[in-house]
Amino acid sequence: MRTTLAALPLLLAGTAAAETNFVDLSIEELTQIRITSVSRRGEALSQAAASVYVITAEDIRRSGADSLPEILRLAPNLQVARTNNFTYAITARGMNGTQNTTPNKLLVMIDGRSTYTPFYSGVLWDVQDTLLEDIERIEVISGPGGVLWGVNAINAVVNIITRQQATGLLAVANGGNRNRSVAVRYGAGDWRAYARTVHQQATETAAGVAISDYRRHNQAGFRGDIAMGNDRLTVNGNVYDGRSGQPKPGSIAVSGVTLVLGDIDSAGANLTANWTRQLDDGGALSLQAYVDHTERTVPPTYIQRLDILDLQLLHTLPAGSGLLAAHQPTWGVNYRVDRDRTVNSATIAFLPANVSQSWASVFAQDEWTLQPGLRLTAGARVERNPYTGTEFLPSMRLAWMAADNTLLWGGASRTVRAPSRLDVDTFVPGKAPFVLNGGNAVKAEVARVYEIGYRGQPYAGVSAAITLFQHRYDDLRTQELAPSRRFVTFASNMEGKATGFEAWASVQLTPAWRLTGGATGLSERLWVKPGSNDTVSAAAAGRDPHHQLQLRSSHTLAEDIELDIAVRRIGRLRTQTQPVPAYTAVDARLGWRINPQWELALVGQNLNGAHAEYGPVLYRAELPRMVGVRLTYQQ
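Residue numbers for the sequence shown, in mature numbering (1 follows the signal peptide of the UniProt record, and there is no 0): -18 to -1, 1 to 617.
Just so you know, the hints here were simulated from the structure itself, not pulled from any lab data. A quick note: this is a predicted structure, and the numbers were derived from the prediction, not measured. Please note: incorrect hints may appear among the correct ones.
Derived BS3-like pairs (lysine-lysine); straight-line CA-CA distance at most 30 Å [unchecked claim]:
{"id": "1", "residue 1": "Lys425", "residue 2": "Lys479"}
{"id": "2", "residue 1": "Lys511", "residue 2": "Lys479"}
{"id": "3", "residue 1": "Lys425", "residue 2": "Lys413"}
{"id": "4", "residue 1": "Lys511", "residue 2": "Lys425"}
Pairwise CB distance ranges, derived in the manner of DEER restraints [claimed, not checked]:
{"id": "5", "residue 1": "Gln147", "residue 2": "Val191", "range": "42 to 50 Å"}
{"id": "6", "residue 1": "Gln183", "residue 2": "Met210", "range": "32 to 40 Å"}
{"id": "7", "residue 1": "Ala362", "residue 2": "Thr149", "range": "39 to 47 Å"}
{"id": "8", "residue 1": "Arg607", "residue 2": "Ala175", "range": "30 to 38 Å"}
The C-beta atom is built at its ideal place from N, Cα and C for all residues, glycine as well.
Let the sequences and hints guide you as you build the complete structure.
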C-alpha cells in the first residue's frame, strides 16, 4: 500500500528589461547583462547577490535543444532529470522528488506568468512550451526567492523572458530519428505571432520493453508591445493542445480496483497583460494581470479543469534624499484566485471535487548602501494561503564589492512551500472506506537557507562564480498510519538538511573559442520526528546525485561554421529498489550559416549511447542516441 500511495503524485502529473542581442558578446560584456529576477529591478549580473546563472539566446541557439527542459540543462546550478519522453524532474539543491513523486520546490515563470499548478505544487513540463527562438534570456536563481516571488520559491526560481521585438518571417524545421518539430513566426513592428508543433516517438526501457510515452503538442501565441511616452503595455497569449501516452506497462491496483492507464489529453489557454510607467521621480510602477485555463484528462485517475486569475502590483522607488539617500525600496502586492473542477474516479478522489481558493500577499524590500561597495538588502513577505493561513518569509543579504571585478555576498532566508490539493484533499480509492484519508494535519514545509558566494573576473577573459549553501528543512510531508492501522494520512513529521556547493566558470580561449564549465556537490540527510510511524518517506526523499559536472565548448571554426560540444557527468541516483547508475552524456551541434537568411545544423544528443536518468525501473526510459537536422530561415 505504501508504494502505491507514494506513486500518486506522479500519476496525477500525468506521469522586463531592455532587449539585448547577446551574439558575440565578450565575457566582460556578459557579466554586465541586466537581470531583474534577483531584486525585481534591473541590475548588472555582476552586482547580483545571489547564485544566478543566465542562459542567453545565443546559448539556446547553439545548444541545438528543442524543448524548455533540455535548454535548462545549460544551467549548471539546476538538476534536470528525464524519466521518459515528456516527464522531467527539475530542481536545484536536491529534493528532486523520488522515483515515485514529483519535485515541488521550483518556481518557473514565462514572461511573468507562473507555470506552477496548485493541484500538486509542481510544473507540468509536457505542456510548457514557447517559440524557443524568441527567448531573450533565462534567469536561473538557485536558492530561495520567497520574498520577491512568494511561497513555493524554495530551491530555485526560473524566469523565462522573451524578446520585445522580433520582426519578419522565421521558420524552423527539426527532423531526426526520434523527434520532429516545425515552428513559424511572423513579426511586424511591435507585434508578432507564432505557431509550433512537436512530435516525439515513444521510448523503451533498458530491457527493450516499449514504453507508450509518445507526445504530440501544438501551440500558437502572440505578443504585442506598445510604448506611449513613459508608459509601456505588453500583452501576450498562448493556446495549446496535446496528447501523450502514459508509460506502459501501466495499471493501478488500489483496494481491488485494477484499471489500465490511458492516453493523457491536455489543452489550455493563457493571456497576460503588463503595464509599466516610468515615474518622474525615477521610480517605476507596474501592474500585471494574467488568466490561465487548463484542462487535463489522465485516465483512469481524474479529469481536471483549472482556471487561475492572478493580479500583481509592483512599485520600485528611486534612491531618496537626506537620510534616505542610501535606500532603494521596492514593494508590491499579489492576489491570486483559482477555480478547480475535478472529476473523480474509482481509483482516487479529491474532496471536495470542486473548490475555489485564493492567495494574497504583500512584500517590501530595501537595498541600503552602507558605504561605497557595501550593500545590505532586507525584506519580507506576508502571504496568506487557503490551507495554513498566514506565512512569514523574511530575507537578508549582504554584498561587498571587494574590487572592481570581485563580489562577495552572503544571505539568510526563511521560505515555505504551501500545501497543495494533493497534500490535503487526496482520498484513495474513490469511495469509502479509504486507505488514504487526506491530509488535514499537513503544515507548510519550511526551509531556512544560509548562503555565501563569490562572483568575479579573476583574469581577463575569465569569469567565475561559486556558492556554498545549507538548507534546513522542517515540516516535510510524511505518510502516517492511523492507530486503527486501517488507513494512512498525510502529515508533516519530517525534517532534514542539504549542504553543498555550486560553481561555474567561462574562459575565452581565443576570440572564436569559449569554454564553459560547472560543478555541483550535494549532501542530504532527512529524518522523521519523534512520534512518527512513517518508515518510508525519509528513506525515499533526498536521493539526489551527490555531484554533477558539465563542460561546453563553443567554437566558431570559420565565419560561417560553428561547432558546439557539451559533456555532462551525473552521479548515481539512489532509489529504494534499483538505483539509476551514474552516466556521461555527449551532445554536439555542427552549424553552417549558408547565407544571412538560411542556417543548417546537424544536432546530436546522447552520442555516446543510451542511458537512464530517473524514475521507477518498470517504466524508466533508456534515453537513446538521437541525431537530427535543423533548418532555419530568418527574413
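Hint by hint, here is what the structure shows:
{"no.": "1", "hint": "Lys425 to Lys479", "verdict": "18 Å, holds"}
{"no.": "2", "hint": "Lys511 to Lys479", "verdict": "14 Å, holds"}
{"no.": "3", "hint": "Lys425 to Lys413", "verdict": "25 Å, holds"}
{"no.": "4", "hint": "Lys511 to Lys425", "verdict": "14 Å, holds"}
{"no.": "5", "hint": "Gln147 to Val191: 42 to 50 Å", "verdict": "49 Å, holds"}
{"no.": "6", "hint": "Gln183 to Met210: 32 to 40 Å", "verdict": "48 Å, violated"}
{"no.": "7", "hint": "Ala362 to Thr149: 39 to 47 Å", "verdict": "43 Å, holds"}
{"no.": "8", "hint": "Arg607 to Ala175: 30 to 38 Å", "verdict": "35 Å, holds"}
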